[in-house]
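**Student:** Sequence:
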Amino acid sequence: MILNRFLNCFLVLVFLILISYIYNIYVVKEYDYWFYSNIPIVNLYIYYFVIAIIAFFIPKYQSKPSDFLAWIFFFLVSLPTVALSPYIADSFYTGSITCLILLISNSLIFCVSSINEYKLIPRFKGFSLTDLKYLIIFASLFLIILVYLNFGFHIRKLLDLSIFTDTYEIRADFRDVKSGIGALSSYSIYWLAKFFLPFFICYGLAFKNKKYIYIGVLLQLVIFTVSAHKSFVFSALLVFIVYFLLMKKYSFTQWLATANLFLLFSVIFYNFLGIDLLINMFVRRAFIMPGVLSNWWVSYFSVNDFSYFQGSLLGDFFNDNNNNQLRAPFLIGLNYFGNDWTSANANFIVDAYGNAGIKGVIFTVLIVLFILLILNRPSILSEEFKIFTTLLSIPIFWSFVETSFFIIFVTHGLLILILFMLFLRPFRSS
Numbered sequence: 008m009i010l011n012r013f014l015n016c017f018l019v020l021v022f023l024i025l026i027s028y029i030y031n032i033y034v035v036k037e038y039d040y041w042f043y044s045n046i047p048i049v050n051l052y053i054y055y056f057v058i059a060i061i062a063f064f065i066p067k068y069q070s071k072p073s074d075f076l077a078w079i080f081f082f083l084v085s086l087p088t089v090a091l092s093p094y095i096a097d098s099f100y101t102g103s104i105t106c107l108i109l110l111i112s113n114s115l116i117f118c119v120s121s122i123n124e125y126k127l128i129p130r131f132k133g134f135s136l137t138d139l140k141y142l143i144i145f146a147s148l149f150l151i152i153l154v155y156l157n158f159g160f161h162i163r164k165l166l167d168l169s170i171f172t173d174t175y176e177i178r179a180d181f182r183d184v185k186s187g188i189g190a191l192s193s194y195s196i197y198w199l200a201k202f203f204l205p206f207f208i209c210y211g212l213a214f215k216n217k218k219y220i221y222i223g224v225l226l227q228l229v230i231f232t233v234s235a236h237k238s239f240v241f242s243a244l245l246v247f248i249v250y251f252l253l254m255k256k257y258s259f260t261q262w263l264a265t266a267n268l269f270l271l272f273s274v275i276f277y278n279f280l281g282i283d284l285l286i287n288m289f290v291r292r293a294f295i296m297p298g299v300l301s302n303w304w305v306s307y308f309s310v311n312d313f314s315y316f317q318g319s320l321l322g323d324f325f326n327d328n329n330n331n332q333l334r335a336p337f338l339i340g341l342n343y344f345g346n347d348w349t350s351a352n353a354n355f356i357v358d359a360y361g362n363a364g365i366k367g368v369i370f371t372v373l374i375v376l377f378i379l380l381i382l383n384r385p386s387i388l389s390e391e392f393k394i395f396t397t398l399l400s401i402p403i404f405w406s407f408v409e410t411s412f413f414i415i416f417v418t419h420g421l422l423i424l425i426l427f428m429l430f431l432r433p434f435r436s437s
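Residues 8 to 437 (my numbering) are what the sequence shown spells out, left to right.
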């Protein structure tokens, strides 16, 4: 057991070295009009060892839904950010802030699964899973009709595959329609894609009912035709991938080893075969970009005014005299990508920093920790409930890696997920 923990530390260090190597030999070279690499700030390498020490204490297996968020955040945000800080951070100060707010927050999320949530979260009489299932069926039908009436479906474009060539045209039409309709109508498609339709897939997988799996996948594809957002299809695919991982019970060490092998093969393909497909399509997008954006956000807002939730409902309370200011993601896009139409969204922690500094991070993380306790409650009822609640959380958890907490809470359906978990009666009735 102790040797396995030391192996985790070693694998983390290998991961960090591979990410920094790929960034410097490929990303900076091929995308030199956006990305750069400073003379390394040597003192920031200390965080390589800090995150390796954190890996030493990470539990071997996932036990509750919150663990999945902790794991994906560790792999897709914390590790890449620490790896790239010496090359991207403006100074040791900004690099340290970036690493510390992410590592401390990530460590706290890891700790949530060790807490007995039943002692902290009030109990409600609630509803059986069967009752909630039928409620979700009716709500899904209502939202699907609402989406159809406002946007229509482009099923023919899916069947002839033109949806993949007309993607930007479909998205432009979608944005035009969305800008002229009410909040419920515009949010409905995201609620369907992130919670209601994945519910059928998760229910079918956890409770071995293929009918619900087929219904969920089919409807998810139909909703995909509305806006051509690939993340809608990816949400369903991710549920199946995580279900496979849960069934195989892969350990944290196996996740680390697999990630390192993937990075190593990417380097070999590029250096010896001249093939950059893996690096460009997967490594750059999944690992490099989150790490770069985290550093950029903190560097920018360490020397500029915080955004104070500009462009959201909360922004009205903080920005009375600055209503023309760009939203934080567009400020980053303007400063680093050279245009104000690129939305450089980042994870919920650095987004909180960009909006309100350290106070924003503390406030947001405390709320998220409390929410995770709520989401963990039903997972202890049975192994099936553990699988079901973990799978159901996945599409929304993924959003924590790439956007702000406020957007996740309202637009991506986190509030709906919280209410579902809170009122799910504490015994199986499927």
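I should point out that these hints are in silico values taken from the structure, not numbers from a laboratory. Check each hint, because a few of them may be wrong.
Claimed, not checked - In silico DSS-like pairs for lysine-lysine, Cα to Cα no more than 27 Å straight-line:
#, residue 1, residue 2
1, K217, K237
2, K67, K217
3, K393, K67
4, K185, K164
5, K218, K185
6, K140, K393
7, K237, K164
8, K215, K36
9, K140, K217
10, K164, K67
11, K140, K67
12, K67, K185
13, K393, K217
14, K217, K255
15, K237, K185
16, K237, K218
17, K215, K140
18, K393, K218
19, K215, K255
20, K256, K218
21, K393, K255
22, K393, K132
23, K217, K185
24, K393, K256
25, K164, K126
26, K215, K256
27, K126, K393
**Student:** Hint by hint, say whether it matches the structure.
**Tutor:** To see whether the hints hold, each was checked on the structure:
1. K217 <-> K237: 24 Å, holds
2. K67 <-> K217: 31 Å, violated
3. K393 <-> K67: Between K393 and K67 the Cα gap is close to 17 Å, so the pair holds against 27 Å.
4. K185 <-> K164: Judged against 27 Å, a Cα distance of about 20 Å means the pair holds.
5. K218 <-> K185: Answer violated: K218 to K185 is near 32 Å, above 27 Å.
6. K140 <-> K393: Measuring from Cα to Cα gives roughly 17 Å; hence the hint holds.
7. K237 <-> K164: 14 Å, holds
8. K215 <-> K36: Between K215 and K36 the Cα gap is close to 49 Å, so the pair fails against 27 Å, i.e. violated.
9. K140 <-> K217: 15 Å, holds
10. K164 <-> K67: Not OK: K164 and K67 at ~45 Å, beyond 27 Å, violated.
11. K140 <-> K67: 33 Å, violated
12. K67 <-> K185: 44 Å, violated
13. K393 <-> K217: Given pair K393, K217 holds - Cα atoms ~19 Å apart, limit 27 Å.
14. K217 <-> K255: Distance of about 20 Å is within 27 Å: holds.
15. K237 <-> K185: 18 Å, holds
16. K237 <-> K218: With a Cα-Cα distance of about 24 Å, the restraint between K237 and K218 holds, given a limit of 27 Å.
17. K215 <-> K140: The given pair, whose Cα atoms are some 15 Å apart, holds under the 27 Å limit.
18. K393 <-> K218: 21 Å, holds
19. K215 <-> K255: 16 Å, holds
20. K256 <-> K218: Within the cut-off at roughly 25 Å; holds.
21. K393 <-> K255: 15 Å, holds
22. K393 <-> K132: At roughly 20 Å apart (the allowed maximum being 27 Å), K132 and K393 satisfy the hint.
23. K217 <-> K185: Distance of about 34 Å is beyond 27 Å: violated.
24. K393 <-> K256: 13 Å, holds
25. K164 <-> K126: 51 Å, violated
26. K215 <-> K256: 18 Å, holds
27. K126 <-> K393: Within the cut-off at roughly 19 Å; holds.
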